[in-house]
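Novice: Sequence:
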Amino acid sequence: MNPIVRSTVAGALAVLGTLGLSGATLAQFPSRPVTIIVPFAPGGGDILVREMVKPLSDRLGQPVVVETRGGAGGTVGSLFVANSEPDGYRILWHSSAAPMNQTLLKAPPVDMRRDLIPVTLAIEGLFALYATTTIPVTSLRELIDYARANPGKLNYGSSGNGGSMHMIMELVKSQAGVNIVHVPYNGGTPALAAAVANDVQVLSYDAGLAAPQVQAGKIRMLAVLSPARSERFPGVPPVAEALPGVAARYWWAFLAPKATPHPVI
1 MNPIVRSTVA GALAVLGTLG LSGATLAQFP SRPVTIIVPF APGGGDILVR
51 EMVKPLSDRL GQPVVVETRG GAGGTVGSLF VANSEPDGYR ILWHSSAAPM
101 NQTLLKAPPV DMRRDLIPVT LAIEGLFALY ATTTIPVTSL RELIDYARAN
151 PGKLNYGSSG NGGSMHMIME LVKSQAGVNI VHVPYNGGTP ALAAAVANDV
201 QVLSYDAGLA APQVQAGKIR MLAVLSPARS ERFPGVPPVA EALPGVAARY
251 WWAFLAPKAT PHPVI
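Position 59, counted from 1, in the sequence shown is what the numbering used here calls 59; the numbers after and before it change by one each time, with no gaps.
Estimated spans, in silico, between C-beta atoms of each pair:
no. : residue 1 : residue 2 : range
1   : Arg-249   : Asn-161   : 17 to 23 Å
2   : Asp-87    : Ala-197   : 39 to 45 Å
3   : Glu-124   : Pro-234   : 16 to 22 Å
4   : Glu-85    : Asp-58    : 23 to 29 Å
5   : Gln-102   : Gly-61    : 32 to 38 Å
6   : Gln-102   : Gly-217   : 34 to 40 Å
7   : Pro-109   : Gly-177   : 32 to 38 Å
8   : His-262   : Val-214   : 42 to 48 Å
9   : Pro-151   : Thr-120   : 42 to 48 Å
10  : Val-183   : Pro-234   : 28 to 34 Å
Straight-line alpha carbon distances no greater than 30 Å define the calculated DSS-like cross-link-like pairs of lysine-lysine that follow:
no. : residue 1 : residue 2
11  : Lys-258   : Lys-54
12  : Lys-218   : Lys-173
13  : Lys-153   : Lys-218
14  : Lys-173   : Lys-153
15  : Lys-258   : Lys-106
16  : Lys-106   : Lys-173
I should point out that these hints are in silico values taken from the structure, not numbers from a laboratory. Note that the coordinates shown come from a computational prediction; the quantities given were computed from them, not determined experimentally. All residues carry an ideal CB built from backbone N, CA and C; glycine is no exception.
Assemble the whole structure, with the sequences as input and the hints as a guide.
Specialist: The structure is reproduced here in structure tokens:
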């Protein structure tokens with residue numbers, strides 16, 4: 001199992017595995033497959049939740065299906081779940097991008113507090129900053145210097161407007177005083193693919209999920225967004241060494257339609 005998930009799966013199973021605590025409901029739920037909706041493109045957050053599918057299926061006694069419905073920074077999939085029957089058979093797997101999106105829209109299609117109810121926090125993870133090997137930088141400080149010398153000539157990819165990848169890079173840009181052009185994609189995985197293809201030169205992305213591309217020499221990990229050096233990546237400096245005070249983490253959680261009965265969640 002992916003080490004990012006290993007230490008948190010037990011907690012997620014403990015909560016999700018108690019679906020149907022009351023006697024009558026326990027005998028009836030679940031009586032058919034449970035679907036987990038991931039509101040992003042395949043190859044990102046769905047990888048994390050797919051590692052939970054078998055133990056969850058074993059615990060619930062029914063198949064657990066993962067379905068991706070990407071679009072609009074997670075809004076498409078979130079709205080789909082919010083409008084679903086509140087019966088526990090359709091659950092949302094969302095990230096810390098959810099509350100960010102709420103602050104960017106005057107009238108968001110989905111209000112996370114009004115339309116959904118939390119089931120459990122499952123994973124907390126680490127972001128990192130990356131650059132392609134096609135530009136002459138091996139550290140965040142070098143990237144900042146290069147971007148200042150070449151304003152507007154570098155692009156960075158994100159999972160879409162208002163997502164974590166977008167907001168993190170805007171924070172870095174603001175604190176560094178650089179002009180790097182934002183290119184939104186329909187999910188984090190397409191943005192990572194764009195960096196590998198050199199369609200964009202800079203990226204913020206999950207520190208673990210981009211490891212294969214780093215090991216293959218396609219992109220370089222410049223810095224992690226933890227406040228101090230990470231135990232998982234001790235040789236990689238934190239962003240805060242070049243930009244004091246800049247740090248960010250992300251989380252993934254399960255949510256259900258607002259009216260889902262408590263005995264079910």
